[in-house]
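*Asks:* For the protein sequence lines, the chains are A and B, in the order given.
Using the working numbering, the letters of the first sequence map in sequence onto residues 258 to 468.
Using the working numbering, the letters of the second sequence map in sequence onto residues 184 to 775.
These are calculated hints, taken from the structure and not from any lab test.
All C-beta atoms in this analysis are idealised placements derived from N, C-alpha and C, irrespective of residue type, glycine included.
Keep in mind that the hints are not guaranteed to be accurate.
Only pairs whose alpha carbons sit at most 20 Å apart, straight line, appear in this in silico DMTMM-like list of lysine to aspartate or glutamate [said to hold, decoys possible]:
(1) B:K595 <-> B:D554
(2) A:K371 <-> B:E569
(3) A:K416 <-> B:E622
(4) A:K416 <-> B:D278
(5) A:K371 <-> B:D368
(6) A:K371 <-> B:E366
(7) B:K653 <-> B:E622
(8) A:K436 <-> B:D368
(9) A:K416 <-> B:E569
(10) A:K436 <-> B:E366
From the structure, some residues in chain A lie toward chain B, with a derived Cβ separation under 7 Å [what the hints assert, rightly or not]:
(11) M351
(12) K416
(13) G418
(14) M421
(15) P427
Here are some chain B residues the structure puts well away from chain A; computed CB gaps all over 10 Å [what the hints assert, rightly or not]:
(16) N213
(17) A255
(18) E364
(19) P378
(20) N380
(21) P433
(22) A664
(23) S696
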Amino acid sequence: MVNHFPGFETFAMDFKETELTLGPPGEFRVSGRKSGKKRGFPEMLDLNLSGPNGRRNDSGAQLEQEASSSPKSPAAKEQLVGWPPLRASRKNAMRSGGSNYVKVAVDGAPYLRKVDLQMYISYEQLLKALEDMFCYFTIRNYFMEPMNGYEYVPTYEDKDGDWMMVGDVPWKIFVESCKRIRLMKGSEAAGLEPRTPPQNAVMEAAEEDSG
Amino acid sequence: MGENRAEVPGCGGDSQPPCPDQVLENVLENVLRFLTSRRDRNAVSLVCKSWYLAEALTRSELFIGNCYAVSARRATERFRRVNSVVLKGKPRFADFSLMPLIWGAHFTPWLTAFAAAYPWLEKIHLKRMSITDDDLAQISHSFPHFKELTLVCCDGFGTSGLAILASKCRQLRVLDLIEDEVEDDDVVDWLSCFPDNGTCLESLSFDCVELPINFDALERLVARSPNLKQLRLNQFVSIGQLYRLIVRAPQLTHLGTGSFSPPESWVPGEQEPDYRAAFAACSSLVYLSGFREIVPDYLPAIYPVCGNLTSLNFSYANLNAEELKAVVCHCYKLQTLWVLDTVRDEGLEAVATTCKDLTELRVFPIDAREDSEGFVSEVGLIAIAEGCRKLQSILYFCQRMTNAAVIAMSEKCHDLVVFRLCIMGRHRPDHLTNEPMDEGFGAIVMNCKKLTRLAVSGLLTDRAFGYIGKYGNSVRTLSIAFAGDSDMALKYVLEGCSNLQKLEIRDSPFGDSALRAGLHHYYNMRFLWMSSCKITLEGSREISKALPQLVVEVFRSGLAAVRDEDEFVDTLYMYRSLEGPRNDAPTHVRIL
Numbered sequence: 258m259v260n261h262f263p264g265f266e267t268f269a270m271d272f273k274e275t276e277l278t279l280g281p282p283g284e285f286r287v288s289g290r291k292s293g294k295k296r297g298f299p300e301m302l303d304l305n306l307s308g309p310n311g312r313r314n315d316s317g318a319q320l321e322q323e324a325s326s327s328p329k330s331p332a333a334k335e336q337l338v339g340w341p342p343l344r345a346s347r348k349n350a351m352r353s354g355g356s357n358y359v360k361v362a363v364d365g366a367p368y369l370r371k372v373d374l375q376m377y378i379s380y381e382q383l384l385k386a387l388e389d390m391f392c393y394f395t396i397r398n399y400f401m402e403p404m405n406g407y408e409y410v411p412t413y414e415d416k417d418g419d420w421m422m423v424g425d426v427p428w429k430i431f432v433e434s435c436k437r438i439r440l441m442k443g444s445e446a447a448g449l450e451p452r453t454p455p456q457n458a459v460m461e462a463a464e465e466d467s468g
Numbered sequence: 184m185g186e187n188r189a190e191v192p193g194c195g196g197d198s199q200p201p202c203p204d205q206v207l208e209n210v211l212e213n214v215l216r217f218l219t220s221r222r223d224r225n226a227v228s229l230v231c232k233s234w235y236l237a238e239a240l241t242r243s244e245l246f247i248g249n250c251y252a253v254s255a256r257r258a259t260e261r262f263r264r265v266n267s268v269v270l271k272g273k274p275r276f277a278d279f280s281l282m283p284l285i286w287g288a289h290f291t292p293w294l295t296a297f298a299a300a301y302p303w304l305e306k307i308h309l310k311r312m313s314i315t316d317d318d319l320a321q322i323s324h325s326f327p328h329f330k331e332l333t334l335v336c337c338d339g340f341g342t343s344g345l346a347i348l349a350s351k352c353r354q355l356r357v358l359d360l361i362e363d364e365v366e367d368d369d370v371v372d373w374l375s376c377f378p379d380n381g382t383c384l385e386s387l388s389f390d391c392v393e394l395p396i397n398f399d400a401l402e403r404l405v406a407r408s409p410n411l412k413q414l415r416l417n418q419f420v421s422i423g424q425l426y427r428l429i430v431r432a433p434q435l436t437h438l439g440t441g442s443f444s445p446p447e448s449w450v451p452g453e454q455e456p457d458y459r460a461a462f463a464a465c466s467s468l469v470y471l472s473g474f475r476e477i478v479p480d481y482l483p484a485i486y487p488v489c490g491n492l493t494s495l496n497f498s499y500a501n502l503n504a505e506e507l508k509a510v511v512c513h514c515y516k517l518q519t520l521w522v523l524d525t526v527r528d529e530g531l532e533a534v535a536t537t538c539k540d541l542t543e544l545r546v547f548p549i550d551a552r553e554d555s556e557g558f559v560s561e562v563g564l565i566a567i568a569e570g571c572r573k574l575q576s577i578l579y580f581c582q583r584m585t586n587a588a589v590i591a592m593s594e595k596c597h598d599l600v601v602f603r604l605c606i607m608g609r610h611r612p613d614h615l616t617n618e619p620m621d622e623g624f625g626a627i628v629m630n631c632k633k634l635t636r637l638a639v640s641g642l643l644t645d646r647a648f649g650y651i652g653k654y655g656n657s658v659r660t661l662s663i664a665f666a667g668d669s670d671m672a673l674k675y676v677l678e679g680c681s682n683l684q685k686l687e688i689r690d691s692p693f694g695d696s697a698l699r700a701g702l703h704h705y706y707n708m709r710f711l712w713m714s715s716c717k718i719t720l721e722g723s724r725e726i727s728k729a730l731p732q733l734v735v736e737v738f739r740s741g742l743a744a745v746r747d748e749d750e751f752v753d754t755l756y757m758y759r760s761l762e763g764p765r766n767d768a769p770t771h772v773r774i775l
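In isolation and in its complexed conformation, chain B is listed as follows (with noise of 0.2 Å):
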């Protein structure tokens, strides 16, 4: 009975049918590994307990959207089988200095309960969370299989920790650092520790890393990386360095050039290479990035990949509308595209007559201040909707808009995802009727019937969040700012917004009543952030009494805590959890 036991996948003997349970269990599993959405997963897993069984077997991919809503050993005792892990942390209002310095989302505990999970674990990815150079020891340490590591807007680590991962992870194919503070105490040469005999990566991004970089010893880790496909450099790469390393690697898809300028040490009237042909021998390249100390001069060197081109970021160069359009005027295929608003208004109808294929457009300001000038406006926006209907994601930066142009946006752009417009001028109006903005916002909502994330700005009143409410169905992240005047606009929103799961609010006149309208609501939500509103501790501590497995924190801008005798709460941060209060928070982060 014992030995083919393996072959017949039954209960019984090696002469017995296997019984009928045993069959579909199987059949089961097989057909869920070929599952990948975690929606379809989570449904699968309500079924009955055996299906939740086979689906927590076959989950390869853990996700979790706020690592302070599950704990990691009840995560690794649900799923046993996970080789891919993807842990977000810091609330995204982090970014924008919003929240205390020191407040979690650590990975060492998660990382801890990994290694003794999931030894054969090969990818993780996070976002917004701290990872130590200690954990990136840990991480070389405890997986043998290691692959694939993607930091997003991390802090915590620096050279060192990059160092020994390059050094000990044999196996590395992806090492992506995106937006990450990288910390500068102490620089190591971290590009020399990878393996002399020839590595395995795929992907290599450094752009974020602020630090002077060994050029040599990149240049040999290029040459002895025969797979690499990504490579996406630092601004301490000068042009002549980039050249160095493209002509060795002519088969990369994705580039970010770093300065894209000369060295300073650089004479002008030195012989230079031929960029040129370097690029044009770059046959596969989909997609560029860099160009962080551009000099336009140089820029007609891509002209031989633009046709190519479905990805261009040039949100760091500081390039005018004609410098952009030399650009662009050959980039048919282009889909996604980032820039800064020096290419006014002119260089967004350049883009707007010839990609047609574009899905995402972002454009960033060069001057992030509230009374700048801003150098787009509606003129740009109702373009780029005529031109480009298959627009599907929008951040735009700018000081004067139009309902009209919001309108005219949302009526030729029917696939709009994501739509997040940002008036940088707080309370502005529509700067030529003078109206609120509340009619644009209102029309997005009402015709995008595909919109799940929207951020508003400009003078918005209760009738805007009106429109939200009503037609708002299907958004689920919604971004708040200096708007609405009283407690019902906020109503609005938490009563109709039934698919709503991330909310984030500062600086609106909206207080416990409106607070309190949630309630039927919080425990589907991710989070709700709400900072220099008017909610009061008592309102918070209602909510937390009212959801008793909702984790409501509170904190104010500098170091000390919230005290009892304080009425109003600078920030309330709260978020379902299965685990209670974390026992990590720091002094100054008070949870209710």
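In isolation and in its complexed conformation, chain A is listed as follows (with noise of 0.2 Å):
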């Protein structure tokens, strides 16, 4: 089987670390985590969400002050997955104290899934979260398509039916505006006016991880 990425083995083992669980047994694993390890995804939502120098470090930086409500401690604000236990619908009918559910898609897939916006502080939470619950099928949807392909590019539709980057505005505005969020094929989101155009952003991703 022709290998697309470099270090995939160690990509591999990795997944399991950085997967969103609910922690090993009697523990409460917090999903932020180690980020060390370069895997497509991130690197190319960062780049997308940076500013014109598109580095890494500073866009994370610059996220992080955007989440103006909280302290950097991950634990603080993050909640548990279905606790307490009360219906999506429920708590998104109460909105001012509790949870903001959205549908995630991803193109090309089936499989639906809805993260509560509210239990994350940043969009770098946000796309953390989303990249493990989906990483495993970019991954086999990447041999199904061997192109040099980090494809997926996260937009979201808001209050007025448009359709955006993800990480166009700051944090909190798209908290309350995101109505659902859509992971889109990179030439399909080219229309949607990036900062940095997703074409660029897969050849620099390419680049960074060939280097």
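From the two separate chains plus the hints, produce the assembled complex.
*Replies:* Structure follows, in structure tokens:
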């Protein structure tokens, strides 16, 4: 089997560590975790989110500052999945306290997932969670379509029904206005006027990774 | 011999008396028609073969508690004269995002079988199943006498399916959509699709359909549905629109009031109709719900009906204690009350003062987070215990609780059947004594002899489960989360609770050894769910090998399948089944 990913083996082994789970038995594990490992998905997303300079560290800091509501400690604001045991529709209805569930769809997949945007305090956390949820799928898809593709661009539909790139507005505004999220194939997202055009982002990601 | 055969239910000719066997069989069939309880029917079917056959022929309602426990073919072959089906699919923890969104519980294969076997089918009731728009269309085409559709916590369908159902099922009496996830991709004006010349509708519930509706169509629909008794609206109906509906339908017994607020376009000071008079005209109202975006100023409109109310659902209404008091002081016949904790202990005290017939109470949190403030406590629970002695069912979300309060409830409310206490902060002890909540829950199982459903929370040691195992003989459904110290806890439960049927556990330190302790009992259960515990893949396999008629599913959060090299299993879901592993499991669900 042709291996398009440099370092795919190590990538796959680390998969479990970086997976969004409910934690090893008896322990509550937080979904913010060590990020040193290069992964196509977040890198491209970081590139999309960053300003014109496009440096990963800077964009990280910028995003954290935008999440003005909390300090950097990951455990503080993050909530457990499914606890307390209330149906999502009920939690959503009590928006002021509670939650904001939006559907996440991936182009080309029948899989839908729901995330509670209130569970995250920054784009970075949200994207990490999405990556964890869909990563396995993107690996498989990768083998089916052998390109250099880190193809998936996160987009969202806002209150007005417009499709926007995730990351274009400050986090808090995003949380208020996001109705649903769609991970679009890069080529389709071109029409959404990102700050960094997706084609370039893909190439930058490929270059960085092979470097 | 032939012509008169129909008159003489005998095996002989018309001149011969019927043989005793035949008579007995006919008597039996006629008697069995009156037997409605499925438990009684199951018992009857075990007596002997002819009773089994007679029972099978006379069962008119088919109840399948787990859609994977038996196949549609097997069910339809045994029961030939069914006109009403109840089907349940996913386990309850699916409601809390603990299950992959794609898992199963598809209605389609059942529908196909029903369409062939029961063309006279009148009622379908589904809970936690996936039903598509095509399925809804299929129902409309396959069952000319179809009358009632109830969907609870279902998904997979949207308004286009509803439109087909509305237009084609001319005898539709009941369309109840309760807490479903309705697709919003392609919105169709389904309310306009009901027949123009009138409907047989008796009950229409769409409070969970979070989509705008064509109000004029709804108004005309209500006007041409003279049998309508139950109407539950969604939050896109303003109070002004509600008024227009209830003046046309004063015969309503059950009303879901929609938003209970004026539309956004409303200007304060604008002339408003006499809401109070409209409600006063609804002399048959016994049930009120909705209040989805309530403006409390309008609450006095419902005072005229409070004296008749037996059920009041304020669980979406942000009311404070005063506002609740003003309503509840009139509700002396109230049996069921759902509220938000915004009413505080004080509000619950008011309930306890007036609602002496209360049998069911649910208190939901307005802020459903672990570290939220929580507005009710042991004070409210004690008040209810002392005031509402007929209480049978309670669901109580809080952040602070004491053993003393729970013990008090166990001593005062002897009729308790369902006790569900959710202390939202994990591992919280009795906030006054700092002790675990063992004694409180222990008292519940000891004192409440009718208890069949229990949900525990707070700091709990193995001791609590010792009590449950020892005294909880009547418990059929048990929910455990973040509790217990060791395998012993689960062992106590599995060895002691001989009537246990549904056990759902999350984030508790129970491992394979505890799992083995239930081998003698799993065939008597509907299911066991364990997530984020200490179960290993090997341990799960052992169970699967030991009990061949148990389907053992393992899966993890996310879309990846459980691999052989995984040591622990995220989620174990197992259930008895006559059919073996299902063939519709997605790749990320592994069946051992």
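*Asks:* Could you run down the list of hints and mark each one as holding or not?
*Replies:* Hints and how they fare:
no., hint, result
1, B:K595 <-> B:D554, "31 Å, violated"
2, A:K371 <-> B:E569, "42 Å, violated"
3, A:K416 <-> B:E622, "50 Å, violated"
4, A:K416 <-> B:D278, "26 Å, violated"
5, A:K371 <-> B:D368, "15 Å, holds"
6, A:K371 <-> B:E366, "13 Å, holds"
7, B:K653 <-> B:E622, "13 Å, holds"
8, A:K436 <-> B:D368, "12 Å, holds"
9, A:K416 <-> B:E569, "48 Å, violated"
10, A:K436 <-> B:E366, "13 Å, holds"
11, M351, "5 Å, holds"
12, K416, "14 Å, violated"
13, G418, "12 Å, violated"
14, M421, "19 Å, violated"
15, P427, "23 Å, violated"
16, N213, "44 Å, holds"
17, A255, "24 Å, holds"
18, E364, "8 Å, violated"
19, P378, "31 Å, holds"
20, N380, "35 Å, holds"
21, P433, "29 Å, holds"
22, A664, "7 Å, violated"
23, S696, "14 Å, holds"
The structure is inconsistent with the numbered hints 1, 2, 3, 4, 9, 12, 13, 14, 15, 18 and 22, although it conforms to all the rest.
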